[in-house]
Structure formats: C-alpha cells, structure tokens
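Participant: What follows is the residue order along each chain.
Number of protein chains: 2
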Amino acid sequence: MENGLLIVISGPSGVGKGTVCKQLLHDNDKINLSVSATTREPRAGEIDKISYFFIDKEEFESMIVNGEFLEYAYVHGNYYGTPKKYVLDKIEKGNDVLLEIDIQGALKVKEMYPDGVFIFILPPSMEELKKRIINRGTETEDAIEKRFMAAYKEIQYVFKYDYAVLNDEIELAVKRIESIIDAERYKVNRQIDIIKEI
Amino acid sequence: MENGLLIVISGPSGVGKGTVCKQLLHDNDKINLSVSATTREPRAGEIDKISYFFIDKEEFESMIVNGEFLEYAYVHGNYYGTPKKYVLDKIEKGNDVLLEIDIQGALKVKEMYPDGVFIFILPPSMEELKKRIINRGTETEDAIEKRFMAAYKEIQYVFKYDYAVLNDEIELAVKRIESIIDAERYKVNRQIDIIKEI
Chain A
1 MENGLLIVIS
11 GPSGVGKGTV
21 CKQLLHDNDK
31 INLSVSATTR
41 EPRAGEIDKI
51 SYFFIDKEEF
61 ESMIVNGEFL
71 EYAYVHGNYY
81 GTPKKYVLDK
91 IEKGNDVLLE
101 IDIQGALKVK
111 EMYPDGVFIF
121 ILPPSMEELK
131 KRIINRGTET
141 EDAIEKRFMA
151 AYKEIQYVFK
161 YDYAVLNDEI
171 ELAVKRIESI
181 IDAERYKVNR
191 QIDIIKEI
Chain B
1 MENGLLIVIS
11 GPSGVGKGTV
21 CKQLLHDNDK
31 INLSVSATTR
41 EPRAGEIDKI
51 SYFFIDKEEF
61 ESMIVNGEFL
71 EYAYVHGNYY
81 GTPKKYVLDK
91 IEKGNDVLLE
101 IDIQGALKVK
111 EMYPDGVFIF
121 ILPPSMEELK
131 KRIINRGTET
141 EDAIEKRFMA
151 AYKEIQYVFK
161 YDYAVLNDEI
171 ELAVKRIESI
181 IDAERYKVNR
191 QIDIIKEI
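Protein sequence lines correspond, in order, to chains A and B. Under the numbering used here, residues 1 to 198 are what the first sequence spells out, in order. Under the numbering used here, residues 1 to 198 are what the second sequence spells out, in order.
Treat the hints loosely; a few may be bogus.
Distance windows between CB atoms, simulated [what the hints assert, rightly or not]:
no. : chain 1 : residue 1 : chain 2 : residue 2 : range
1   : A       : Met126    : B       : Glu171    : 38 to 46 angstroms
2   : A       : Met1      : B       : Met112    : 17 to 25 angstroms
3   : A       : Glu111    : B       : Glu128    : 21 to 29 angstroms
4   : A       : Leu33     : B       : Glu197    : 26 to 34 angstroms
Capping the alpha-carbon separation at 20 angstroms, the derived lysine to aspartate or glutamate pairs in DMTMM-like fashion look like this [stated by the list, open to error]:
no. : chain 1 : residue 1 : chain 2 : residue 2
5   : A       : Lys196    : B       : Asp115
6   : B       : Lys57     : A       : Asp115
7   : B       : Lys187    : A       : Glu2
8   : A       : Lys90     : A       : Asp115
9   : B       : Lys196    : A       : Asp115
10  : A       : Lys187    : B       : Asp29
11  : A       : Lys187    : B       : Glu59
In short, the hints are calculated from the structure, not lab data. Bear in mind that the values here come from a model prediction, so they are computed numbers and not experimental data. For each residue, glycine too, the CB sits at the ideal point set by N, CA and C.
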C-alpha cells in the first residue's frame with residue numbers, strides 16, 4: 001500500500017488558513033488533523049490525545065533530545081510540537097495527515113520530511129489582508145500595523161513552498177487544495193507499488 | 001501573465017489515451033491540441049494548419065537542422081514532428097497545449113522542455129490492456145501478441161514521467177488529469193508574477 005500524504009498548510013497571519021483547514025477536514029473524511037504535543041495545562045473541554053498530547057516539560061525535553069519532533073516551539077512559557085511518530089504512523093498506514101502550522105514550523109517540517117506537500121495560503125491582495133486583520137476587531141492600531149508588517153514579511157517565504165493557493169473564497173481555496181492532494185497522489189513516485197502490481 | 005502549460009500525455013498502445021485526450025479537450029476549452037507538421041500528403045477532409053502543417057521534405061529537414069522541433073520521427077517514409085515555435089507561442093500567450101504522443105516522442109520533448117507536465121496513462125491491469133488490444137479486433141493473434149509485448153515494455157518508462165493516471169474509466173481518468181492541471185497551476189514556481197502582484 002502507498003503511504004498517505006503529509007499536507008502542510010501555512011500562510012501569513014490573517015489569511016484565513018484556520019477556516020480553510022476546518023472546511024477541508026469537514027469535506028474530506030480521509031484527512032486527519034495532526035495532534036500536537038504541549039506542556040501547557042488542558043483547558044476546559046480539551047481532551048488528552050485528541051485536542052493535544054498533554055505531557056510534562058521533562059518528557060517534552062527528552063523527546064526534543066531524542067529527535068522525536070517534526071518541529072517544536074517554545075511560546076509564552078510552554079512547549080508545542082508535532083510528534084514525529086504519531087504523524088509517520090498514520091502516513092505509513094495510508095492516511096493523509098494535515099498540519100496547520102506557522103511558517104517557521106513548516107520550514108522545519110520540510111527539513112525533516114521533504115516528501116510532504118507544502119501549501120502556502122495567499123491573500124487576494126495585501127489590502128485585503130489588512131482588511132481581514134482589522135476586521136478581527138480585537139486589536140489596537142499599533143498591533144494591527146505590527147501584524148500586517150509581519151504578514152508582509154511572511155509572504156516572502158512562499159517561494160520555499162511547493163504550492164500557493166489564493167484564498168479569495170473559502171470554497172474555492174478548499175477545491176484548489178483538493179486538486180493538489182489528488183494530483184500529488186498521481187505522482188509517479190507515490191505510486192511505485194501500484195505500478196508494479198499492474 | 002503566467003505561461004500556459006505544456007501537457008504531454010502518453011502511454012502504451014491500447015491504453016485508450018486517444019479517447020481520454022479527446023474527452024479532455026471536449027471538456028476544457030482552454031486546452032489547445034498541438035498541431036504537428038508532416039511531409040505526408042493531406043487526406044480527404046484534412047485542413048492545412050488545423051489537421052497538420054503540411055510541408056515538404058526539404059522544409060522539414062531544414063527545420064530539423066535548425067532545431068525547430070520539440071520532437072520528430074520518420075515513419076513509413078514520412079516525417080512527423082512537433083514545431084517548437086507553434087507550441088511555445090501558445091504557451092507564452094497563457095494557453096495550455098496538449099500533446100498526445102508516443103513514449104519516445106514524450107521523452108524527447110522532456111529533454112527540450114522539462115517544464116512540461118508529463119502524464120502517463122496506465123491500464124487497470126495488463127490483462128485488461130490485452131483485452132483492449134484484442135477488442136480492436138483488426139489484428140492477427142501474432143500482431144496482438146507483438147503489440148502486447150511492446151506495451152509491456154513501454155510501461156517501464158512510466159518512471160520517467162511526473163504523473164501516472166489510471167484509465168479504468170474515461171470520465172475518471174479525465175477528472176484525474178484535470179486535477180493535475182489545476183494543481184500544476186498552483187505550483188509556486190508557476191505563479192511568480194501573481195505572487196509579486198500581491
């Protein structure tokens with residue numbers, strides 16, 4: 001049997017990658033969302049091994065030392081990371097795994113697993129991205145400007161990705177990603193077993 | 001504006017690539033079938049520059065010398081070839097060009113234009129391929145066996161292609177090719193102008 005795909009989706013702040021990923025998962029039963037490990041405390045309603053793998057700092061750090069993460073980061077006093085074994089087990093069973101992740105994380109994953117499908121979500125324009133950041137409505141003008149400048153810088157990283165998908169409309173963006181996933185399955189180097197059978 | 005795609009479709013004798021290409025062209029106005037040049041005489045109903053570019057041997061051979069073909073072959077006393085300028089002009093205007101071509105031809109095109117999208121059509125099984133060759137019904141047992149052995153050898157070349165598409169059902173095969181074409185458009189290196197605009 002052929003391996004599943006590791007689908008890595010990222011993009012700048014405000015581009016709507018969360019919504020796109022949610023819709024993609026909703027429409028495609030075969031795609032599994034990756035589960036991260038974290039050292040932060042579970043919040044109300046979060047379930048261990050489904051929301052996150054909740055582990056303690058000591059265990060997390062020993063996993064770092066043993067190279068057991070595809071990527072990890074230390075944010076506001078807590079570790080977050082993608083456990084390599086969890087993802088690879090799924091893939092080797094033929095399941096697709098979706099990783100929604102920031103750009104730094106995605107580039108680390110690419111180093112560890114270059115065979116993944118790296119998709120960058122683009123805004124229709126920088127003006128539209130600014131609007132979307134403003135429409136979140138929860139931030140000061142200064143914070144908005146900072147987020148926008150960060151997003152602007154982040155877009156330069158698109159050239160490290162395999163694909164760039166415009167998020168002008170969520171349904172269209174999802175359809176584009178579905179085409180990419182289909183096409184990736186038809187790549188000759190992902191079908192070696194099938195071809196041999198023929 | 002971004003370039004169109006050169007879509008190269010081939011596969012073994014009897015796999016049904018002709019029918020798949022016909023349906024693909026029928027369903028997609030944006031895809032243009034490439035027009036070959038030939039030195040053979042026009043047949044009834046064939047139109048110059050639409051069916052073929054009908055040219056004489058001298059002109060064909062001078063085009064060979066000047067490297068003006070993506071590929072060419074000499075078959076039963078006539079030349080056939082794909083004019084480079086015709087194809088590249090279309091692509092540079094943003095049109096997609098479809099080339100339905102045998103495996104030898106496709107590999108030559110790949111040398112000249114590696115940026116093409118190389119798709120190999122696979123039969124569901126070798127038994128099914130044999131059935132399809134037999135069902136053409138016009139050949140002796142010996143000729144069938146020869147065609148089948150040739151097809152068997154041809155399938156080994158799939159690994160030189162980018163994609164392999166199963167032709168179990170024509171409609172499905174066409175849909176798979178459409179996904180590949182869409183996905184190729186979303187490749188980062190095909191969207192450099194669009195990304196710069198954003």
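Participant: Next, verify each hint and record whether it holds.
Facilitator: Hint by hint, here is what the structure shows:
A C-beta distance of roughly 41 angstroms is found between methionine 126 of chain A and glutamate 171 of chain B, which places it inside the suggested range of 38 to 46 angstroms. Taking 17 to 25 angstroms as the suggested C-beta distance range, the pair methionine 1 of chain A and methionine 112 of chain B does not conform, at roughly 37 angstroms. For glutamate 111 of chain A and glutamate 128 of chain B, the Cβ-Cβ distance of about 42 angstroms falls outside the hinted range of 21 to 29 angstroms, so the restraint is violated. About 32 angstroms separates the C-beta atoms of leucine 33 of chain A and glutamate 197 of chain B, a value consistent with the hinted range of 26 to 34 angstroms.
Proximity of lysine 196 of chain A to aspartate 115 of chain B is assessed by CA-CA distance (about 27 angstroms); at most 20 angstroms being required, the pair is judged violated. With a CA separation close to 48 angstroms, the supplied pair lysine 57 of chain B and aspartate 115 of chain A exceeds the 20 angstroms bound. Taking the CA atoms of lysine 187 of chain B and glutamate 2 of chain A, the gap is near 23 angstroms; set against the 20 angstroms cutoff, the hint is violated. About 15 angstroms separates the Cα atoms of lysine 90 of chain A and aspartate 115 of chain A, which keeps this hinted pair within 20 angstroms; it holds.
Among the hinted pairs, lysine 196 of chain B with aspartate 115 of chain A is inconsistent with the structure: their alpha-carbon atoms are about 27 angstroms apart, more than 20 angstroms. Restraint check for lysine 187 of chain A and aspartate 29 of chain B: not satisfied, since their Cα atoms lie roughly 25 angstroms apart, outside the 20 angstroms limit. For the proposed pair lysine 187 of chain A and glutamate 59 of chain B, the alpha carbon gap of about 39 angstroms is over 20 angstroms, so the pair is violated.
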